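Let's have the full structure, built from the sequences with the hints guiding it.
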Amino acid sequence: MTPPPIEFLLYGGALALVALGLAGLVMARHLFRSILALGILEAGANLLLVLAGYRAGGVAPILTPGTLGQPMVDPVPQALVLTAIVIGVGVQALALALALRVHQAYGTLDVAEVRGRMEADTDAAAGLEPETSRDLPAVERPS
Amino acid sequence: MNAVVLAVALPLLGAFLTPSLARLSLPLGRLFGPGLLAFCLWLLWGIARALGDATAGVALGGFAPPLGIAFHLDRLALLFALAVPAMVLALWPWGGRPREWSLTLVLAAAATGLALSGDLFNLYVFYELLAVASYGLIAANQRPAAQAAALRYLLLSAAGSALALLGIALVYTQTGTLNLAQLALLAPVSLDGPLGLAAFALLLLGIGVKAEAFPVNTWVPEVYATAPSRLAGLLAGLVSKLAVLVIVRLLLVVFQRPEATQLMLVLGVLGIAWGELAAWRARDLSRQLAWSSVGQLGIVFVAFSLPGETGVLAGLAVALHHLLVKPALFLLARHWNGALEGLRGAARRAPLAGALFALFALSLVGVPPLPGFWAKFVTLSGLFAQPGPLCSLAAVVILTATLVEAAYLFRTLTLLFGPGGEEPRMAPHGALDLGTATAFAGLLLAGVIWLQPLTGDLHGIARQAVDMDTYVDTDLPTPRP
Amino acid sequence: MTPLDTLFILSACTLAVAWAFGRRPAAGGLIAVLYGGQILALAKMSGLASGALTMIAASPSFEVLGQALSWRFDGPAWFFALITLGAAFASAWFMAGEWGEGYRRKGGRLGLLQVALALNVSSMLLLLASGDLLSLFIGWELMSWASFLLMLSAGGVAVRWAFKYLIYALGGAMALLGALAWIHAQAGSLQYAAVAGLFATLSPGQAWTLVLAFAAGFGIKMALLPFHLWQGPAYAETPGPGSAFLGAISSRMGLFGILVVLVHLAGLDLLDRLLIPFTHLDARDLLGWVGAFTLIVPTFIAVRQHDARHLLAWHGIGQGGYMLIGVMQGDALGSAGGLLHVFNYATYQAALFLVVTAVVHRTGTADLNKLGGLVTRMPLSFLVMLVGIIGLAGLPPMNGFVSKWLIYRDLISSGRPLMFVATVIGTLGTIISVYKLIHNTFLGQLRMEHEDIREAPWSMLAPMLGLIVIVFLTGLMPGLVLDWIAPVQAALGLPVLDHSLGGVDLPNGGLDMLWVVGLLFAGFGVGALLFLAGNRHRYVHPLDNYAGGHFLTTEVRYHYSDDFYPGLMHLIGGWYRGSIQWLERALVSALDFLAQWSQAWFRSAQPALWLLGVTVFALWWVV
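One line per chain: the protein sequences are A, B and C, in this order.
Note that the working numbering has the first sequence beginning at 1, numbered continuously upward.
Note that the working numbering has the second sequence beginning at 1001, numbered continuously upward.
Note that the working numbering has the third sequence beginning at 2001, numbered continuously upward.
Fair warning: there could be bad hints in the mix.
The following label-pair restraints were derived from C-beta to C-beta distances [unchecked claim]:
#: 1; chain 1: C; residue 1: L2443; chain 2: B; residue 2: R1411; range: 40 to 48 Å
#: 2; chain 1: B; residue 1: P1387; chain 2: A; residue 2: L36; range: 42 to 50 Å
#: 3; chain 1: C; residue 1: R2024; chain 2: A; residue 2: G127; range: 34 to 42 Å
#: 4; chain 1: B; residue 1: G1176; chain 2: C; residue 2: W2601; range: 36 to 44 Å
#: 5; chain 1: C; residue 1: G2509; chain 2: B; residue 2: R1411; range: 54 to 62 Å
#: 6; chain 1: B; residue 1: L1393; chain 2: C; residue 2: S2500; range: 51 to 59 Å
#: 7; chain 1: C; residue 1: W2601; chain 2: A; residue 2: L36; range: 23 to 31 Å
#: 8; chain 1: B; residue 1: R1348; chain 2: C; residue 2: V2033; range: 28 to 36 Å
#: 9; chain 1: A; residue 1: P4; chain 2: B; residue 2: L1195; range: 16 to 24 Å
From the derived model, a few chain B residues whose C-beta atoms are all more than 12 Å from chain A [unchecked claim]:
#: 10; residue: A1038
#: 11; residue: A1149
#: 12; residue: L1166
#: 13; residue: L1432
Think of the hints as simulated: they come from the structure by calculation, not from any bench.
Quantities reported herein were computed from a predicted structural model and do not represent experimental measurements.
Just so it is clear, CB atoms sit at the ideal spot from N, CA and C, and this is done for glycine as well.
Given below as structure tokens:
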């Protein structure tokens, strides 16, 4: 059996990274895991973009006498990915800083707990009591 | 014409200079940002006047597209580019710290870039810049709830951006270019199949985070309730419209297909239903306004999903109306934050604020002759003109949502004007807030008086926006590659 | 500058004066004079009423979004405007004197009331003058919001009912807007001619949707079943003269809408062609029966009320049913009856509401169980209520009789015996409930706390007496009003009624009110002669009596007012289980549930889950 072509592995790997990242974001119960999953997701997306630049049999259009053209790939996606990586790094750093602050304030990074504390704080700042269930049915039946 | 780049570059430069200037002299730092924005406003106004009805392309750095990045100046782009410094000036955080001024200037620069850019990756970069500025601004007030909200927003938005990047990758693999004008030429052939639609869906979901589109709008009530009201007004009023503008550009230029408009319609309808229903049960004003803006943006999505010139006209009308009304409401809500029950009789102490709230509520609900009515009428008429049950269903959903919206807005109003008002919190609004809100109300009423020329202008803008031949000719001067 | 422009300018002036000076009771007289001036301006356009002119246009016209907006008066507009301005004039006159000062002293917002009234009048004139469907909608919305403002002006309990009205009214407005947008999408234009042309080309499904949307939109304002729950309490809680105005004409704007759109533009033959499946009924029958049930159900709800204002307000809904039945008959006699009923009803309903307000002003209560015997202290008010009640019940010699007779006659001759029985049941309900009203208020035993009250002041009596003079005169000579109705019928495409001054001349039994009233008075005259000539009468004090061996004394209450008509209430009580109220609350509760559900979406702990779900779904849908 012939080994699968390299593109299959690479594209599959990139997509798998994306899927892992998304799954991690969705299933994470700890905010730090969400941030890690975000990093993986961005890595997968960036990898896919780089792979999009591959040119089979590409030759650099720079000719010097005596040498053959060097193999090359499309440089544009690599430039784009550089930008995207930098943006991603910056955002992740900001995310970590925010997570640190949240941990300092709430003492936990559990997703559900943080959400609950955030809602409770917002409600308290507005002077709202927490919502309670009704004691009686909403509508009396016709007599 | 090349000076239009200053509208993006100057606020960025100003953002980096502001903290140092503020350390030298605080009053100078405070006035530096607004001064820069006023200059940008004047600059853009001059360019818009000079351009008139024509379009122009600006090749950055002299590199002609499609190899270089271009700014595309048409009436639609300049309209929103003008709105950016105007709105940021109106909602400037005068009482904040220098870092907030810097971040607001970055927001202004990124927003202007979003309005003007003609290259897909350039749009992505400006979008990310806008996002980062907004994360910083939301978290700036140090309250733990705000920082938790900013973190949750960040996670959602960054995930969306990664998906958008995937979409861009798909576009690049299919067409080999990221210049919008060249995409307009290549898209009918290259992006025709399911991969093109997948690219649109990914881009829609990614950019839709800022545009409060349906599945990705869960951040809205948390952020608007914890962020300062001026920032909430800026995000709800200006930033969301620019995100919608980007999506509309993509729709008009690249993805002109019935499935794409159908997707937008469905997401819009779901957004309307979910937003207005959630607003019905809101117990404080900020969250009620937040959900209301989700609903209104759903209407904007539905309006822009109509094909052709009608769609752009209807969407522009609803979007511009919301751009005026929502920030003004958030300004009024700045002082009226807190539980709705605690606002009993607040309008008795502050009659002008109460009257303004009533005016904006009437316009949101769509009472003639206010502009909100005309916007809704054009949208509904356009929806009924389309064949098929989906558009008629969307129209019925809009009508029902208007009823629900009127119910909760006027429930709030009857609370405001009701008896009560002895609490010490019921002091009148700040003069700046009230003055800005009055200015917005004045603009709204001016829209009523000058309705005919205004609709004529909007028709012209819409016509130019759908004209793809002009678009391509502007950015890709002959010979084409 | 056309006479219509003059009317609009006068109306705007009245609004400005009400805004600037309305809170001063002294300005009430000026405002009443301004309304009178508007009536004079309307009289200048009487060419429309005599049929000499068909249309008077207003100067301003705009073009928005490719639609031309124009305003003009024709026959129907003139007729309804006369009623509007008459009701406003009477209310303003009533407000101008002692009532306004008293209201102000009790903390009421007189300025708001004056402004709301003036705004109502202006918006109604705009609505009546509309020259195309878009300006009709604009006028409709402005009028709805003006009514909301008027209902709000009392504050307190009234706010809750005004809010309920708002929800109903906006629901109707959304139905109208949907229909309007659909017509615009199909026909491209909202001019009346284009709309009429569109109606002719619709498929039955489309026509049904439009007819139901318009009927619902206009019917909510008229409080047709099942949208009747808001009107009774909302009109009752409005401050006195405001309720007189609202009760007289405000709901009839819904009838105007139905006349313009369904009768004139769509045409009654279109309604005839829309059949309800599995029955032999068509849309016209449906509307007629809706009118019949609107007549019966709220009238018997009125019998159960023990607040005089609520009783009158519930009656207003029922009489609207009469008008709809008459109009839906579509021939000369029936439609004339329906249109005449609009005028007649306005006159005596305004008079009745004003009398009840005068009684409240003097005694401080409108509770029928706490009044009685006021005829001795307020004889002229009693006369006003007596005449008003005879009119409302539809008995000769008052004008209500003529319009009801026309409708009965038409129902019998067109072969609708069931609907005739329904209208008779409605009239029966009206008669018994108005008797309850006058008995509990004016007849019977005077209460001790009311020993010292005086007659209502002349500023209040004058408009009331003026109204009942109109009631009597138009009952005596209905031809006067039928003259005005003929151009209305002509403009709407209905056959015109041949009439004389006294009534109508029909081959198998017509009506001549001159003879009827003459005979009635002759009969009374003979009776009076016999009575006075015989001189066999002796005045007996009401308490010169005994029961169970005891003589009656003042402080004990013998006046029978609680649980009036117990037998009837026992019979019909089982039917009034509040089913439609339950439906209303169930709808609100369902909305609440949906809202809670959608809030839960926004509160999800893990937002990215939904993002993933939608991404997967979108990709699947794409591929």
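Task: Violations among the numbered hints, reported as their numbers in ascending order - done: Hints 11 and 12 contradicted; others consistent.
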